[in-house]
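Heads up: the protein sequence lines correspond to chains A and B, in order.
Note that this note's numbering gives residue 294 to position 294 of the first sequence, counting from 1, and the numbers run on in steps of one.
Note that this note's numbering gives residue 179 to position 179 of the second sequence, counting from 1, and the numbers run on in steps of one.
For the record, the hints were derived by calculation from the structure and aren't laboratory data.
Keep in mind that the hints are not guaranteed to be accurate.
As the list claims (entries may be wrong) - Only some residues are given here: those of chain A computed to face chain B with a beta carbon under 8 Å: (1) K24; (2) V49; (3) E116; (4) T139; (5) M208; (6) P334; (7) E336; (8) Y386; (9) F390; (10) Y477; (11) T481; (12) Y484.
Claimed, not checked - Below, computed lysine to aspartate or glutamate pairings styled on EDC-like, alpha-carbon distance capped at 16 Å: (13) A:K605 / B:D729; (14) B:K82 / A:E119; (15) B:K712 / A:D32; (16) B:K772 / B:E515; (17) A:K605 / B:E515; (18) A:K304 / A:E450; (19) B:K17 / A:E116; (20) B:K82 / A:E450.
We treat Cβ as the ideally placed atom computed from N, Cα and C, and that holds for glycine.
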Amino acid sequence: MARMAMLIDLTRCIGCDACTLACKQENGTPVDVFFARVLNVEIGTFPNVKRLYIPVLCNHCEDAPCLKACPNKAIIKRPDGIVLIDQDRCRGTGACVSACPYGNIYLRKQDAWYLEPGEAYEEQFVKPRLKPNVARKCTYCAHRVDQGLDPACVVACPTTARIFGDLDDPDSKISRYIVEQERETGRKPFHLLPGAKTRPAGCYLGPMSAQSPASTDQPRQEPRVRTSHRSAVSTVLSLLAVLTLLLLVLASARANEATEGLDHYSTSSCLGCHGVTAHGGMGPPLASTPIPYEQFLSIVRNGKGMMPKTPASEMSDEEVRQIYEELKAKALNPDEVPIAFKVGQFLSTRNVALIFLFVTLFSILFAIKVLAYWVGISGAKELLPYLPKFGVFKAAGIFLWSLIVDGFLVASLWRKDRFRWAMHGLLLYGFTGLMVADILIQIFNPTRSEMPLFSPLKMLPILSGIAVLAGVSYVMYRYKTDRYIDNGLTLGRDFFFVNLLLHTIVSGFLTVWVKRAGLTEWVMPVYLYHLCAIALLLGTAPFTRFSHAFVVPVMAAITRLTEAMTAAGIDLGFQREPSPGRHHKSLKIARQVADVVDPEHGEVKLRYYP
Amino acid sequence: MATRYPVPGRGPTVPPKGEARVVRTTDSPNCTGACGWLATVVDDVIVDLKPAGDYSCEEYNPRGCLRGMSMTHMIYNPDRLKTPLIRVGERGEGKWREATWDEALDYIAQKMIHIRDTYGPESMLLFNQVVGTGYLQKGAQVRMAALLGMSFATAYDFNGDISMGFTHTIGIDSVECESKSWGYAKTALLWSSNVFQTRIPDAQFLTRFAKQRNNCQIVCIDPRCSQTAKGADLWLPIEPGTDGALALSMCQVLIENDLVDWNFLQQFTDCCTLIREDNGMRLRASDVGMGDEDEFVVWDEGQDALFKLPKDTLRLPEGVRFAFRGRRKVQTKDGEVYVRPVFEMIEDVVMREEYHPDRVAEVTHIPAETIRKVATDYATQRPSLIIVGMGVNHRMHGDLTIRSILLLSALAGAHGNPGEGVSIYSGQHHFRVDVSPFWFPEGKRPNPVPMHYFVLGKPSETMNPKIKFPEHGFKALFVSHGNPLVTEFSDLMRAAIDRLELFVVVDFQMTPTCEYADVVLPAPTFWEKYELVGTGCHPYLQIQQPVISPRHESKPEFWMVQELIKRVDPSLFKYFDMTELDAMRIILEGGGPECEGITVDQLLAGPVRLKVHDPEVGLDHQFIDLKPFPPRAYPFPEGANKEFVKTGRMEFYKEEEVFRKLGEELPVFKPAFSHLSEEEQAYPLSIVTPHSKWRVHSTHSNNPLLLNLNRKPVVEINPVDAAARGIEDGDLVEIFNNFGSYRLWALVTEGIKPGVLCVDHAWWDRFLAGGKYHSVHTHQRVKPTHENYYLPAVYAPGQHWKDTRVDIRKVK
C-alpha cells in the first residue's frame, strides 16, 4: 500500500510555469489543455497588493468525486493512490469535468495543435500520446512513476518547490519534508478546498512570511480502508434473503401444524392464508372474529389487499355463512397466532403506503443533499453571476436539453457502444416504468386489489420488471467478466446496489409466481421480502451506485452549460483563460489559499497573461 | 527517459517503438541561463527535454525554465528558415528567391569583395548579439571580421545593458556573483530586478536557500508588483526614475546613524583620497613628490602625515587610520593647495536636505519610515545583497543611480562575502575565459565601433577619438543571433539600413529583421550545432552539441564563415581549416587560469566548474585576493580598463572634467526626465518595458506553446489611470506619444503604480493590434561622460529605453 502525493511549497515556488511546460512536453497535451497550471493571483488594492502563484494539478483525491461521477468506470484509483482516466474506456460523458471541484479535468470534442500538420515531431510523437474526445487529466506521470521516476513537473521545477513521494512511507522525501518543515519553519501542509471533502493527495505549504499557522489543515495520513468487497456483498445479501424467507415461512408454517374441528373452513382455500386453525398466517387470525357477517361476506366477495375476490360461483353465500359461524365459535388462543401475522397485521395498505412515503421522502431528502454536494463541487454557484449575461433561458434550455440527451437518452453510450446503451436503457427505462406503474396504481387501484394479468396496470410493472431484470443481469454479468470494473473506490457500493436491485426484481416476480403456483404459505414471506428490498433500495439510493442515475445527468448538463458559456466568452476571465472553462473554480481555489495566507486579505483576482 | 510511454490505462503498456538516444547538451539563449538539458532523440527528432541536473554543486540542480522546456516548438516552428533567401523585391516587401548555399554565398562574397575594394573593409559591420553566450559560433564570425579587417559592433552597449555606473565606479561595466552566493543573504534588495522571471533557474537561491534557510528579508523595489514581488517580504512601489534619490537617502540614514563600515571605505574605496580645491583633481603622489602620476596619497591620522596608497595591492599596513574628514593645506609642486577627503565631499552631498527620508518620501512615494527601516536592515542584517535590474540602468541618469547604489553598498561594506555585493545580471558580456586566441588570431582585431554611431549614421560631436568611424560610412551590415528591428530603435535603424549596399541576416527563423534583409542565411538552433557556453550566473563551462542534424538546409555559422572566407580571400582559409571541436580546443588552451586543464572531452561528458572561488562573490580578485581595481575585462588585455579607475579603488569621485561640467563628479540625483524636451515631458505617463516571462527578448515571440499561455500583448495599467480614460479590462488601447503609437490590449491591474504603464518588451509587431512596438521610444541621446573613454562594451554609450513618456487612449 502506498499513497503517492505531491507537496507544493509556496515559499519556494516562483510562479515560473516551468511545471506547466514540462507537463506539456511530457504528456503531449493539445492547445488549451494544461494538466498542470499555475494560478496567477492578485490580492488587494494598490499599494497593498499581494501576488500569489498557486500551481494546481490533479489532486489524486482519496475520495475522488470524478471517479464516483464517472458512469463508465473509466476513472480508477490505483493501489498507490494515483487516480487515472482510462483513455480506452472513457466515453466522454463529461460528468467528471464538473465533478472535479478543482477544474483539473479536460474534455474537448476537437483538439487543436501547435505546429503545422505533418510536422513529424507532433504527428508521430505528440498526438498519439492521448486519445481524442475523452476526458484527460494529470496522471502524476504514472508512466514515469512506474519506472521509478518522479513526475515531469517535479523533475523540471527549477526551485524544487514540488516534492513527490509516498505519504505512507515515513522515510519518503515528502514525509520527511513535512516533518522537517513543521520543525524548522513551523508550517503545516494544507489542502485545497477542504469543503469539497475530497481528501486530496496534493497539499501545500504556505509562503513563509505570511502564512498564519492557525488556518492550516493537516493532510490526513490515516490508513485507507479498502471498500471493494466484491463477492462479500452478494454472498451476504443472498444469505440474508434465504434466511429471511426461511424464517417467515417457518413462522407461518407453525400455524399449519395444529388441526382440529373446522369442517367447512378446512376445506376452503381460506386456510392457505389464515392458517389451518384460523389463528392466522399471512392473513389475520379469524377465530373469534369480531367483524359482523355482512362485512365478512363483503370482504370475501370483493377481496381486500392481497386477498383475492371469491365469487358466488366458487363459494355460495351459505358456505360463507357456515365458515363464518365456525370461525366465530372457535376460541382464539393468542399463543397460537403466528409471528408472521404479528408482523403482517401492521402491513395494511395504508401502513405500507405510509412506510414507503417515509422511505421515499427520506431518500429524496438525501438525494437532494447528495445532489447539492455534487452541484456544490461543480462550481455551478460560481457560474451564476455570469448567467444573466449569457441568458438565463438559453442556459436553462441547454441544461434541460443536456439532461434529456445525456441523461435520459444516455447519449455518450449511444456514441460509443450500442449494446451497452441498450442494456443501460433497459435498466433506466425499466426503472422508470416501475416508478410510473407504482404511481398509477396508487391512483387507480389504491387498495391494490387483484386485477387481471392483461390490465395495463399489471402489464406495465411486469414488462418494466423484465426490462430491469435483463439490464441488471447484464450488469451483473459484466461485473463478473469485466476485469477493469474495479475503480478502487466505489465497487462495494456498486455491488450492493446491483445485488439489491436483483433481489428486488426477482422477489417481485417470485411473489406473483408463487401465488399463481398456489404455494400460498410462501406468498406473504416472499412479498414481505420484496417490500423490504424496495424499501432498502429506495432508502440507500442516494448512497449507492443508484445515485449516478441522477448525479451523472446533472453533472454532464453542468459541463455542457459551462462549455457553452466558455465558448460564448461571456466573461473576460473565460475569454482569456489559457485553459478555458475553469475560471470559476480557479477563483474559488485562489480565494481559499488567500484565506490561508492572509485571513484579512482584500479582493482576490485571477490574472491571465503576463 | 520514460516519456514515450503513453498515459497508462488498465491494459498492458505497449513499449514505445524506435530507438531512443539521450544527449546531454546545454542551451545558450540570451537569458544567459545556460542550463543543461537531456534531450531524447528518436529518428533524428527531439521527443523530450528534461533538465540535466548534473552540476557538481548539488544546489544548482535542476536548471531550466518554461522557455527552455518549450524549445521543441521553436525547433519545429513553421517560421523556421528552410533555405538561403535572396531578396528580389524592395527591402521588406517580402519577395524572395529561394537560393542554394552556393548562390547565396557567392552573391554575398562578390558584394563583400566589391565593398572592401571600393570603400575599405571597415565599412562592413558585423553585429552579432551577446557574444558571451557562445564563444565558438559567434566567435567564428568575429574571427572572420578580425581577419578581413571589418568593423565589429558590440551589442552589449547598444542594448543599453552596459552599466556605466559600474564602469565609473569599479572600472568594469558589471559585476556578478554566482547565483549560489545569493543563498547566504539575510537581506536582499532586488532593485528593479525581477529575478523570479528573468533568472528562473537561479531564483531558488533566494526562495529555497536565502528565504527558507536564513529567513532572508527580501525587498523588491519596483513600480510594478512583479513576479518577484510575490516572494518579497516588502514591496516598495517606487516612482519610476527616482531610485537614485532612494539610494542616496538610504546613504544618509547610514551616515546619520553611524552604520558606516569605515574599514571597508578605507581599504577598498577612494573615500580617503584627497581632492584638490584648486583644480578638482585628485591629489597625486607626484604632486607632493612622493611618487608617480598614477599613485595617490591620503592623510594618515595616525602618523599625521600623507600616506601613499600602494599601487599593486589593496592590502594596507596594520594600524593605518586615514582621515575621512577635514580640509587640509598641502604643499604641492604647484604651491600650497587645500585638499579634502572624498568622503567629506560625499557627506556634503548625501546629507543635503533633499536626501532626507522625509523629502525623498515625497519624490519616491515610499514612506520615510520604510526608507529608514530598509537602510538599517541592509546595514545591520548581514550578509546583505543587492541585485540591480535593467529598469534602473536603461535611463539617461541610470549611471548616477548605480553609482549611488554602489555608494550605499560601500558605506555598509557589503562586499566580499557570500551573500553580499551588488550584482547586475545584465546580459552575458562577461566572458568566463579569455577567448582572444580564437577570436583575434595573431592579435588581429576587428575595428570596434559602437552600434549607436551606425544607427545615428554619423559620429556624434563628442564621440571618443579612439573610435574609427569608416571614412565612407557603412556599406554592409551582417546581423547574427539578433533581431534589432524588433528590439531596438527600429525606425532609425531601418533608415540606416536603407543606406547600405548589403544587409545579411543569419537566423534560424523568419524574424522581422530577416524580413528586411537582402540575404537571409538559415542557421540551426542551439540544438543542432556545437557551441562552447559560459555564463555569469554560474561558473560552469559547458558544451552544446548537435542533438539532431540541422533542420532543412540550415548550416552552422562556423561553416558559413569557412565558406565565405574561401570565397572572399582564400589566402585566409588557413585560419579556418579546422573543425568546431578544434576551435574549442584553441579557446580552452588559451583561455587563461579559469579554464586551465579543462578539455573538450571533459566537457562532452558534462559541465565543468571553472577554477574560481566557491562561491564566487563578485570581484573576487579585489575583495578576496586584494588586487587593485579594475578587474580584467575579457577579452581585452589586463590593464585595458585601468584608466577608468585610476586610483585602483572603487571611485565615487570622478575627477575628469567632463563629470564636473555636468555636476556629476559625485553620485547625485537628477530627475529622470529632466533631459527630455518639453514636448516629450508633457506626456503624463511613464512606461516600463520589462523582460517577459514568456520570451527571451524577442525569441519565443512566435512560440505557439508559450502563446497558448500568453495570448495577447497587454499593457498593465492601474485602475485609476484606466478609469480616467474610460478604459476597461480587456479593451483595445493605443499607446502614443510624439514619436509614434501602437495598439494592444489593456490589463487593468492593482499591481502597478498609478502613472506608470507596463508592456513586456520585444513583442514581434505581427502580434500587436497595430503599429510598431518600438515606435514610441524616446530617441537616443548620448551622455558625454560615456564617451570620454572607449573600450567596446566596457566604456561606451548606453541606451535609455525607460526614459520614454507616453499617454494611452481607448480605441473606439
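Structure-based check of each hint:
no. : hint            : in the structure
1   : K24             : holds (6 Å)
2   : V49             : holds (5 Å)
3   : E116            : holds (5 Å)
4   : T139            : holds (6 Å)
5   : M208            : holds (6 Å)
6   : P334            : violated (62 Å)
7   : E336            : violated (61 Å)
8   : Y386            : violated (15 Å)
9   : F390            : violated (17 Å)
10  : Y477            : violated (19 Å)
11  : T481            : violated (14 Å)
12  : Y484            : holds (4 Å)
13  : A:K605 / B:D729 : holds (12 Å)
14  : B:K82 / A:E119  : holds (14 Å)
15  : B:K712 / A:D32  : holds (15 Å)
16  : B:K772 / B:E515 : holds (15 Å)
17  : A:K605 / B:E515 : violated (40 Å)
18  : A:K304 / A:E450 : holds (8 Å)
19  : B:K17 / A:E116  : violated (23 Å)
20  : B:K82 / A:E450  : violated (87 Å)
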